[in-house]
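J.: For reference, the chains in residue letters:
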Amino acid sequence: AQSVTQLDSHVSVSEGTPVLLRCNYSSSYSPSLFWYVQHPNKGLQLLLKYTSAATLVKGINGFEAEFKKSETSFHLTKPSAHMSDAAEYFCVVSAVNNAGNMLTFGGGTRLMVKP
Amino acid sequence: DTEVTQTPKHLVMGMTNKKSLKCEQHMGHRAMYWYKQKAKKPPELMFVYSYEKLSINESVPSRFSPECPNSSLLNLHLHALQPEDSALYLCASSQDGDRGFSDYGYTFGSGTRLTVV
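Chains as they are written, first to last, in the numbering used here: chain F, 610 to 724; chain S, 17 to 133.
Chain F extracted, bound-state conformation:
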């Protein structure tokens, strides 16, 4: 079984300040982990993924995440927030069962960026 907990349902930052979105996971297997972003009334866009290679993963738009197995965490960071970063962010864990590659979503974190 696997699960994902996003520790903050809402995060508010000022433009130009750092962003931290927190994610903890549990998985019976060595998981693959993803962060997706969803802008209002849009689909989900893959930001970055961890697949058992480097523990620090760089994604698009200046985002990065660090996989920490000892803490079962996969927090998403960005040094400087931009207004266009305002969106919903989902941390996702992937594992394999008999049906194939299945995703488990966290509850989402809404990022608000103030001017």
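It should be emphasised that the hints constitute simulated quantities derived from the structure, not laboratory data. All figures in this text were calculated on a predicted structure; none of them were measured in a lab. Where hints are given, some of them may not hold.
[Unchecked claim] With a straight-line Cα cutoff of 20 Å, these simulated EDC-like cross-link-like pairs (lysine to aspartate or glutamate) come out:
(1) K651(F) / E74(S)
(2) K57(S) / D694(F)
(3) K52(S) / E100(S)
(4) K38(S) / E19(S)
(5) K56(S) / E697(F)
[What the hints assert, rightly or not] Simulated coverage check for chain F against chain S, where a stretch passes if three residues somewhere in it have a Cβ under 8 Å from a Cβ of chain S:
(6) 629-636
(7) 644-652
[What the hints assert, rightly or not] Simulated restraints on C-beta separations:
(8) S75(S) / E675(F): 30 to 38 Å
(9) R129(S) / K723(F): 39 to 47 Å
(10) L655(F) / N73(S): 45 to 53 Å
(11) A662(F) / A96(S): 24 to 32 Å
(12) P99(S) / K723(F): 34 to 42 Å
(13) K723(F) / P85(S): 44 to 52 Å
(14) Q611(F) / V133(S): 31 to 39 Å
(15) K651(F) / P77(S): 22 to 30 Å
(16) Y638(F) / N73(S): 22 to 30 Å
(17) A96(S) / K677(F): 31 to 39 Å
Positions of the beta carbon are idealized from the N, C-alpha and C atoms, including for glycine.
With chain F held as given, fit chain S onto it using these hints.
T.: Using the frame of chain F, we list chain S on its own:
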């Protein structure tokens, strides 16, 4: 082509109507998925097709009927829906079908915003 294309983008239908949602990808992905997303919630899995065969039905009511005519197309047929079925319906695809690799992400479409009146 690295996209999943969903049509229509918006759909309003009455409770007695029959309509279909369409999803298309040309990335050679062999797994395709339907998700339902209510406002301010994560997507919920409805159906999984692996190599054009239905492999998962997450106890979805029969008023939703999926179809996978070929490896590039996925349809969701709708009939006698209820107002609570109003949601964003997302299609996704992934590279692996049942080969057991978990390190590929899903590619999501932009969704169909469905309103049942």
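J.: Would you mind marking each hint as holding or not holding in the structure?
T.: Here is how each hint holds up against the structure:
no.: 1; hint: K651(F) / E74(S); result: 24 Å, violated
no.: 2; hint: K57(S) / D694(F); result: 19 Å, holds
no.: 3; hint: K52(S) / E100(S); result: 12 Å, holds
no.: 4; hint: K38(S) / E19(S); result: 14 Å, holds
no.: 5; hint: K56(S) / E697(F); result: 9 Å, holds
no.: 6; hint: 629-636; result: violated (count 0)
no.: 7; hint: 644-652; result: holds (count 4)
no.: 8; hint: S75(S) / E675(F): 30 to 38 Å; result: 37 Å, holds
no.: 9; hint: R129(S) / K723(F): 39 to 47 Å; result: 28 Å, violated
no.: 10; hint: L655(F) / N73(S): 45 to 53 Å; result: 26 Å, violated
no.: 11; hint: A662(F) / A96(S): 24 to 32 Å; result: 48 Å, violated
no.: 12; hint: P99(S) / K723(F): 34 to 42 Å; result: 36 Å, holds
no.: 13; hint: K723(F) / P85(S): 44 to 52 Å; result: 48 Å, holds
no.: 14; hint: Q611(F) / V133(S): 31 to 39 Å; result: 38 Å, holds
no.: 15; hint: K651(F) / P77(S): 22 to 30 Å; result: 27 Å, holds
no.: 16; hint: Y638(F) / N73(S): 22 to 30 Å; result: 24 Å, holds
no.: 17; hint: A96(S) / K677(F): 31 to 39 Å; result: 49 Å, violated
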